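Here's the letter readout for the chains.
Protein chains: 2
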Amino acid sequence: MNNLLLFGAGRSSLYLIEYLQKWCVANLCALLICDKDISYAKNNIQNQEGLTFTELDIFDQAKVEALVKDSRMVISLLPAALHIHIAKLCLEHNKNLGTASYISDEMKALHQEAKDIGLIFLNECGLDPGIDHMSAMQMMDEIKDEGGVINSFESYCGGLVTNDSDGDNPWKYKFSWNPRNVVLAGAGAPAQFLHNNELKMVPYHQLFKHIETFEIDGAGIFEAYANRDSLKYMGLYNLEQVASMKRGTFRKGGYATAWQVIVELGLTDDSTPMHLKVGTTLSQWLAAYLPDGHGDLKSEVKAITHCSDAEIEKLDWLGLFGNDTLPMNDGTSAQILEEILKPKWHLMPTDKDLIVMLHKIGYIQNGMQQWRSVHMTLEGVSETHTAMAKTVGLPLAIACKLILEHKIEARGVLAPVNSEFYTPILKELEMFGIQF
Amino acid sequence: MNNLLLFGAGRSSLYLIEYLQKWCVANLCALLICDKDISYAKNNIQNQEGLTFTELDIFDQAKVEALVKDSRMVISLLPAALHIHIAKLCLEHNKNLGTASYISDEMKALHQEAKDIGLIFLNECGLDPGIDHMSAMQMMDEIKDEGGVINSFESYCGGLVTNDSDGDNPWKYKFSWNPRNVVLAGAGAPAQFLHNNELKMVPYHQLFKHIETFEIDGAGIFEAYANRDSLKYMGLYNLEQVASMKRGTFRKGGYATAWQVIVELGLTDDSTPMHLKVGTTLSQWLAAYLPDGHGDLKSEVKAITHCSDAEIEKLDWLGLFGNDTLPMNDGTSAQILEEILKPKWHLMPTDKDLIVMLHKIGYIQNGMQQWRSVHMTLEGVSETHTAMAKTVGLPLAIACKLILEHKIEARGVLAPVNSEFYTPILKELEMFGIQF
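Chains as they are written, first to last, in the working numbering: chain R, 511 to 946; chain G, 511 to 946.
Keep in mind that the hints were calculated from the coordinates and are not lab data.
It should be emphasised that the depicted structure is a prediction, and the values quoted were computed from it without experimental measurement.
Fair warning: there could be bad hints in the mix.
Each computed DSSO-like pair below joins lysine-lysine, with the alpha-carbon atoms no more than 30 Å apart [said to hold, decoys possible]:
(1) R:Lys762 - G:Lys812
(2) R:Lys625 - R:Lys762
(3) G:Lys654 - R:Lys787
(4) R:Lys618 - G:Lys787
Just need the whole structure built from these sequences, with the hints factored in.
The following block contains the structure:
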């Protein structure tokens with residue numbers, strides 16, 4: 511009953527572990543860290559006082575249940591689809607739960623039951639979702655307190671790398687997050703948002719063409735493409751009456767128009783497994799997506815997608831026109847593309863990642879249209895102590911401390927959109943350099 | 511035990527009913543016709559000797575089971591997803607089954623069990639799939655018998671209307687088949703085919719751009735876009751070694767490039783329900799898919815899709831730039847589009863539909879590359895007695911007769927690719943004017 515229990519010890523776990531480790535040491539309990547492979551966390555945390563590492567199959571129901579039963583609170587950094595199994599055990603054994611993932615419909619369905627028992631199932635308490643909710647709600651609550659009526663909400667976030675870390679990579683992007691999610695960003699449904707009281711739908715195959723540009727003081731110029739469904743945040747944020755509502759993702763200049771070419775060609779298809787001969791080259795794989803696919807592939811790509819030399823250069827840098835053999839022969843094109851990108855967009859030991867977040871709020875005050883923008887940028891320290899791991903892990907770690915110290919009154923399945931979460935968490939994040 | 515049992519009495523049922531009615535009368539049994547709404551069949555069949563019409567909820571398991579149990583053989587023209595329920599009852603009560611639909615994975619899974627009991631579950635015995643299989647297999651078996659080695663297979667089919675029936679419709683297309691399938695044609699996965707030993711993948715948002723043109727003697731010029739997965743037919747047709755394998759769909763000139771604009775804009779999205787205000791106009795709905803969506807929408811569509819005036823004219827004829835209110839406010843864009851198209855592409859009482867099918871086979875004979883093409887065209891008689899209903903219904907009806915008369919030896923889950931099916935069926939179809 512004295513263990514704090516963490517499932518998932520991957521790239522986003524280090525800061526969370528290090529923060530909660532201090533709390534555990536001070537409060538004479540152990541932090542039990544479980545994953546099918548705990549080597550990443552074990553190798554990258556130097557002081558291991560108060561930590562117990564357990565290698566565990568998360569589908570070993572009996573073991574997982576015994577651990578949950580014996581814990582003080584449970585935190586899950588597992589892939590989002592696995593949270594629900596943990597949540598059901600928490601319900602059964604009367605434990606609070608924290609995750610950094612979006613609230614799934616299955617999780618949402620547990621709300622009343624968790625609330626009735628008096629449990630807290632906190633979700634969406636990382637970076638995006640997480641810090642975005644908290645900083646936006648704090649900003650909007652301030653505007654409302656000053657008598658403003660909000661009529662426009664825009665929020666953007668990007669997990670990028672610093673300019674010094676770009677190297678010769680013309681995409682100016684490296685993976686600080688799940689590569690598969692980057693490859694499939696936006697796939698499956700059109701992006702939806704509201705602009706001046708008009709609904710806007712952007713089909714996936716047009717998504718990276720319709721970008722907006724933002725300059726952020728001291729950080730540079732960023733392009734934003736629209737995130738999936740911005741409309742559903744109108745309810746969560748109490749913004750049912752706004753004329754504009756948009757959430758988006760930042761990339762550095764040139765990424766989106768080049769990724770648009772990849773999408774238009776069809777190279778992100780995840781529906782159809784291919785079975786390619788061993789020895790198939792990248793350009794042969796590309797040629798399958800070109801009606802002709804012979805002769806000058808660059809010219810054919812330009813003709814089909816109406817792209818410019820700048821985009822061709824980025825595809826060329828990935829080796830798509832070359833004769834290297836594919837890293838994978840059986841799989842969807844999205845899977846093949848992920849394997850091509852992984853070594854190309856790999857964060858090097860000296861690289862530093864970069865988080866950029868921007869909120870732009872419009873409101874009526876004293877009969878006048880007003881605008882307020884805030885932004886946050888944060889650089890990583892190293893390949894392992896990334897800004898991504900820090901901004902995903904610390905909010906959840908601080909929230910867990912608040913829950914453990916009985917400072918949260920709300921019950922049920924929650925996101926951190928109320929001040930009992932955002933005020934203390936944002937305040938403490940400032941001490942870690944995470945500041946708007 | 512003496513009834514012949516038909517589930518599904520919609521647009522494709524008339525010829526099948528009329529054919530099997532004669533057989534039933536001659537063989538002293540009844541043809542029992544069941545659907546949730548039997549008015550279409552009842553109103554359009556004049557001589558009803560030997561026919562019994564039963565209105566029935568297909569999900570009323572007890573009633574359906576009693577009918578199956580008491581039948582001589584079962585035919586299903588229900589939506590394809592419902593066949594499996596009927597098939598399981600047929601298995602339980604030892605009845606043969608006929609459908610015109612593609613063999614689903616669930617249906618395929620019943621093969622061994624059906625075979626062991628000695629049952630025939632015949633599928634894919636309509637037009638496409640159906641007549642295409644049979645005519646292609648007959649043609650290829652002839653080529654093989656003459657010593658040819660097939661190295662290229664192409665097959666195309668279209669359900670169209672005669673030139674006289676085009677009227678002022680610039681699309682030169684009307685619905686003679688399920689409108690939803692026409693709206694969603696090709697959606698969800700890239701088309702795959704083999705061209706000169708090279709795999710070709712065509713993403714949905716490019717599908718109607720990559721067309722081939724064919725001239726068919728006496729019938730005119732047709733454009734073909736690639737069907738979903740042509741590769742899976744290599745196994746069914748024993749064509750594992752061919753260099754080219756492609757199946758496609760015919761449209762009249764101009765349709766595909768205009769439909770491409772609809773797809774590129776995102777108007778066929780079926781993933782995201784929209785909830786539009788009552789009174790929303792067609793042009794407002796269109797504008798949601800345009801980044802600007804104000805001013806001259808035609809110019810914006812041209813700029814985004816690089817289309818020409820000919821495509822704009824076709825969209826305009828559908829009313830997409832106009833101020834008519836939407837026929838539906840809650841639904842996906844694919845559903846809304848279907849409701850817009852239904853009255854525009856409705857087959858009028860004097861209209862005649864047109865079936866066009868073409869096979870083009872390449873083979874090596876005496877060391878030389880040879881080519882052989884055959885085609886079939888068929889015009890409908892009226893709005894109800896369509897060429898579509900005839901070519902879907904008659905092959906299945908004739909096949910059922912063969913099964914009822916114990917002329918088929920194969921057992922299990924089958925498609926009509928062997929000569930015991932195709933020889934007698936194609937021969938009898940000729941008497942109905944269906945001839946290659």
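Return the numbers of the hints above that this structure violates; sort them in rising order.
-> 2
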